[in-house]
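*Asks:* Sequential numbering of the sequence shown, starting at 1, is according to UniProt numbering.
Just to be clear, a hint being listed does not mean it is correct.
Label-pair restraints from in silico Cβ distances [as the list claims (entries may be wrong)]: (1) R153 to P11: 46 to 52 angstroms; (2) S167 to T108: 38 to 44 angstroms; (3) L166 to V29: 24 to 30 angstroms; (4) F36 to G13: 34 to 40 angstroms; (5) R153 to T30: 25 to 31 angstroms; (6) V29 to G114: 38 to 44 angstroms; (7) E157 to R25: 39 to 45 angstroms; (8) G32 to P155: 55 to 61 angstroms; (9) I6 to K31: 43 to 49 angstroms; (10) K31 to G114: 35 to 41 angstroms; (11) P155 to E15: 24 to 30 angstroms; (12) V26 to P155: 39 to 45 angstroms; (13) S165 to L14: 31 to 37 angstroms; (14) E15 to A35: 22 to 28 angstroms.
EDC-like, lysine to aspartate or glutamate: derived pairs with alpha carbons at most 16 angstroms apart [as the list claims (entries may be wrong)]: (15) K168 to D151; (16) K74 to E7; (17) K10 to D98; (18) K78 to D98; (19) K57 to E47; (20) K28 to E70; (21) K17 to D48; (22) K10 to D48; (23) K131 to D98; (24) K74 to E156; (25) K57 to D71; (26) K10 to E60; (27) K73 to E47; (28) K133 to D98; (29) K74 to E15; (30) K78 to D151; (31) K17 to E60; (32) K73 to E15; (33) K74 to E157; (34) K17 to E47; (35) K67 to D98; (36) K73 to E7; (37) K78 to E121; (38) K78 to E157; (39) K17 to E121; (40) K17 to D71.
Hints in this document: simulated from the structure, not taken from any laboratory.
Model, not experiment: these values are computed from the prediction.
Glycine included, every Cβ here is placed at the ideal spot set by N, Cα and C.
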Amino acid sequence: MLDSNIERVKPGGLELKDRLVAVNRVTKVTKGGRAFGFSAIVVVGNEDGIIGYGLGKSKEVASAIAKAVEDAKKNLVKVPVINHTIPHQTSARYGGADIFLRPASHGTGLIAGGAVRAVLESAGVHDVLSKSKGSSNPHNVVKATFNALLDIRRPEEIARMRGVSLSKVFNG
């Protein structure tokens, strides 16, 4: 997924908020019995177009979350957010999760649930319509939502590629 469209961001100097998406208790059966552990998936963002997600695993919940936050800060990307919505509709798939996102007019609100809502709130999107089809596994839903957001192209980029003005892109 190394595309020229993806803009990586360094976490230095950013005020990032983290949102816990899911915590799973995992069990490893050994000769001596069961060994319990936890895995956590976290989304971080500055609510202005910069987001990242991370996975952490540990024997304790708190350290699993801390590891996930550190992992998320290493994978920050910038996504286009214009007037608190996305520029155009998009969809993406990861594993069994299928995500559809459509821009909405101001005041519509964030029509999304669970993992999709956590990702979009972290990105600073306030008005969008979404539909999650297929698997509801939070890991795959977060990754599918990220893929959908990373597929979005900025209007300036489309105008430059077409060789037309920015107003022509929006008004036809």
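*Asks:* Each hint should be assessed against the structure and marked as holding or not.
*Replies:* Hint check:
1. R153 to P11: 46 to 52 angstroms: This hint is violated: roughly 25 angstroms between Cβ atoms.
2. S167 to T108: 38 to 44 angstroms: Given about 24 angstroms between the Cβ atoms, the range is violated.
3. L166 to V29: 24 to 30 angstroms: violated, 59 angstroms
4. F36 to G13: 34 to 40 angstroms: holds, 38 angstroms
5. R153 to T30: 25 to 31 angstroms: Cβ of R153 to Cβ of T30: about 49 angstroms, so the range 25 to 31 angstroms is violated.
6. V29 to G114: 38 to 44 angstroms: violated, 30 angstroms
7. E157 to R25: 39 to 45 angstroms: holds, 44 angstroms
8. G32 to P155: 55 to 61 angstroms: Since G32 and P155 have Cβ atoms about 60 angstroms apart, the given range 55 to 61 angstroms holds.
9. I6 to K31: 43 to 49 angstroms: holds, 45 angstroms
10. K31 to G114: 35 to 41 angstroms: Given a distance of about 38 angstroms, which is inside 35 to 41 angstroms, the answer is holds.
11. P155 to E15: 24 to 30 angstroms: For P155 and E15 the Cβ distance comes to about 27 angstroms; the hint holds.
12. V26 to P155: 39 to 45 angstroms: holds, 44 angstroms
13. S165 to L14: 31 to 37 angstroms: holds, 33 angstroms
14. E15 to A35: 22 to 28 angstroms: violated, 38 angstroms
15. K168 to D151: violated, 22 angstroms
16. K74 to E7: holds, 13 angstroms
17. K10 to D98: Not OK: K10 and D98 at ~29 angstroms, beyond 16 angstroms, violated.
18. K78 to D98: violated, 22 angstroms
19. K57 to E47: With a Cα-Cα distance of about 26 angstroms, the restraint between K57 and E47 is violated, given a limit of 16 angstroms.
20. K28 to E70: violated, 25 angstroms
21. K17 to D48: Holds: K17 and D48 sit about 11 angstroms apart, inside 16 angstroms.
22. K10 to D48: The hint holds at about 14 angstroms.
23. K131 to D98: holds, 8 angstroms
24. K74 to E156: With a Cα-Cα distance of about 28 angstroms, the restraint between K74 and E156 is violated, given a limit of 16 angstroms.
25. K57 to D71: Given pair K57, D71 holds - Cα atoms ~11 angstroms apart, limit 16 angstroms.
26. K10 to E60: Status violated; Cα separation ~28 angstroms.
27. K73 to E47: holds, 14 angstroms
28. K133 to D98: Roughly 5 angstroms between the alpha carbons, so the hint for K133 and D98 holds.
29. K74 to E15: holds, 14 angstroms
30. K78 to D151: holds, 12 angstroms
31. K17 to E60: This hinted pair is violated, its Cα atoms lying about 22 angstroms apart.
32. K73 to E15: Since the Cα atoms of K73 and E15 sit roughly 11 angstroms apart, the hinted pair holds (cutoff 16 angstroms).
33. K74 to E157: violated, 26 angstroms
34. K17 to E47: holds, 8 angstroms
35. K67 to D98: Since the Cα atoms of K67 and D98 sit roughly 27 angstroms apart, the hinted pair is violated (cutoff 16 angstroms).
36. K73 to E7: holds, 14 angstroms
37. K78 to E121: Distance of about 14 angstroms is within 16 angstroms: holds.
38. K78 to E157: Between K78 and E157 the Cα gap is close to 15 angstroms, so the pair holds against 16 angstroms.
39. K17 to E121: Roughly 10 angstroms between the alpha carbons, so the hint for K17 and E121 holds.
40. K17 to D71: holds, 14 angstroms
When held up to the earlier numbered hints, the structure conflicts with 1, 2, 3, 5, 6, 14, 15, 17, 18, 19, 20, 24, 26, 31, 33 and 35 and fits the remainder.
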